[in-house]
Amino acid sequence: MHPTTSAPVRHEPWYRYGVAILCLEMLIATAVSVYSLYMTFHGLGGFPGGRLSG
Amino acid sequence: MQQAKDTHKVEQLVIATVAFFWCFLMWFSTAAFSPSIAAHYHLGIKELGLLASSAMWMAPGGRMAAGWAADRFGAPRAFALVLAACGVVSIASAFTTSYPLLFAERVVVAAAGVSFVIGIQHVAQWFEPHEIGTAEGLYAGTGNAGAGVGALLLPRIFGTSYQSAYLWMGVVALAIAGWYLIRGRAAQSVARQQTARGRSGWKSAAFVWSRYVAIALMLAYAMSFGLEIALNAWLPGYFARGFHAEVVALGFTGVAGMQIAAGTFAAVQSFTASLFRPFAGYMSDLFQRRGWTPLPFIARTLPYAPRLHWLGIALVLITLAMGGLTAAGLSGSLHASVATLVALGIFISFGTGGTFALVPLLFPDRPGIAAGFVGGLSTAGGIVYPLIFAAQSNIHGGYLRVALALFIPFVLFYFWAARHERHPEEHGVFFVPQAAPAE
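For the protein sequence lines, the chains are A and B, in the order given.
With the first letter of the first sequence counted as 1, position 45 gets the number 256 in this note's numbering; the numbers rise by one all the way through.
With the first letter of the second sequence counted as 1, position 287 gets the number 289 in this note's numbering; the numbers rise by one all the way through.
Bear in mind the hints are in silico, worked out from the structure with no lab data behind them.
Where a beta carbon is used, it is the ideal one built from N, C-alpha and C, also for glycine.
Incorrect hints may have been included.
As the list claims (entries may be wrong) - Okay, the calculated beta carbon distance ranges per label pair: (1) A:L238 - B:L252: 24 to 30 Å; (2) A:I232 - B:S163: 43 to 49 Å; (3) B:F97 - A:T241: 41 to 47 Å; (4) B:W204 - A:F252: 50 to 56 Å; (5) B:W59 - A:F252: 32 to 38 Å; (6) B:A67 - A:V245: 36 to 42 Å; (7) B:V109 - A:Y246: 34 to 40 Å; (8) B:L288 - A:L238: 17 to 23 Å.
Here chain A stands alone, though its shape is the one from the complex (with noise of 0.2 Å):
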């Protein structure tokens, strides 16, 4: 038996808006990096997409 494996614990209600934030996060940071990709690739831009300068 693994003490880690102990009864489940309840999290309190500003968990699951925290894991709804970090999800967010996660899917900015996969469409900011597909679009910014996909821009260099096809020569574009970069990042975050547009020429920044020159």
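Given chain A, work out where chain B should sit, using these hints.
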């Protein structure tokens, strides 16, 4: 036990996160305006390089001192002091007309980066062990994004007027310092605050620094955050040189075009490493909740054993991805190299989030000192790795060299240090087991 009833732990998390976000914004605000500063003072490439590297100078020692101060005086006072000092100097730098003085002032402002460990200590003093991974992940991941947001938005908002940016950033820092002092509470209970304060002596610090498991976590953070900041500095040059023909073939010509393309590939690593970090903390919580302990050798019966396993998995993945980055580079495929880099960025976030889901649990009575040691010394990786990358005869070979020469020994040491089924924090040099000093 007296509780801080006039606040909620979420408010404390928000205050710490906003303050850290702003500190990270200030930490890298010199780099964001380096072209403008270079043009204003007619700086050469060497002076520009020195200005860029100066952002890291205060981190190793400064973070260790900041962690100690958080335990000793409480996070609100320590954080407010950092914000106020950096804010005042930032305002002063807006009116400076001498470059040597501006350089010195920006080195002081870059000390805002030491605030990371203060917030880690603050969050650890408020959240329970079963939720610490997500809480620390939200704090650190969201705050880290301040560097990227600053790089993107500051030049767009202020143009080339870095003086205005530094003035406003200093004013806002002072406002946040006031907010932190008024609403910040050091710990969930007076007892918890007094315990940390009582363990903030030099003997206690030496105890933490000499623990094998603390050293293992410091090396784990050097493999993750140390690598992240090393890659931030190294990757633009790597893509510009290692994939020059491929980048030109995409339609990016000239120095400016090459800078845009190479900078984009580098930024993707930084962005994923920052914004996946809260997820890594959540995964640490999930491992803990489910009791997953899949790796050999690492302890399985400790109360936080699953978190040790999650971090172990992250370290193995980082090592493998470093080898993959060399393989992709040698294959000449830009697409494969960038894809591997995205994966490496995510694995780095697993390492950073996994490490600080553990530090407060291993040293609950010394959260600031432990965070300062792990988060401070590890930043030396940002200086060491680029030197090794640059020393290779083949520009793609440095990642594998670092993995073989440094990361595999680090991982083996981690597995060895985390094997104890009882009180791994008691094993180390200088202090014998059960000799944890109570000051």
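C-beta pair W204 (chain B), F252 (chain A): status relative to the range 50 to 56 Å that was hinted
holds, 54 Å
With 32 to 38 Å as the target window, see if W59 (chain B) and F252 (chain A) comply at their CB atoms. At 37 Å between Cβs, range holds.
Is the gap between the beta carbons of L288 (chain B) and L238 (chain A) within 17 to 23 Å? holds, 19 Å
Q: With respect to the beta-carbon atoms only, verify the hint that L238 (chain A) and L252 (chain B) lie 24 to 30 Å apart.
A: holds, 27 Å
Exercise. Should the hint that V109 (chain B) and Y246 (chain A) are 34 to 40 Å apart at their CB atoms be regarded as holding?
Worked result: About 36 Å separates the Cβ atoms of V109 (chain B) and Y246 (chain A), which means 34 to 40 Å holds.
F97 (chain B) paired with T241 (chain A), Cβ distance criterion 41 to 47 Å: Given a distance of about 42 Å, which is inside 41 to 47 Å, the answer is holds.
* With respect to the beta-carbon atoms only, verify the hint that A67 (chain B) and V245 (chain A) lie 36 to 42 Å apart. => At 41 Å between Cβs, range holds.
Measuring from beta carbon to beta carbon, are I232 (chain A) and S163 (chain B) in 43 to 49 Å? violated, 33 Å
When the structure is compared with the earlier hints, a violation turns up for hint 2 alone.
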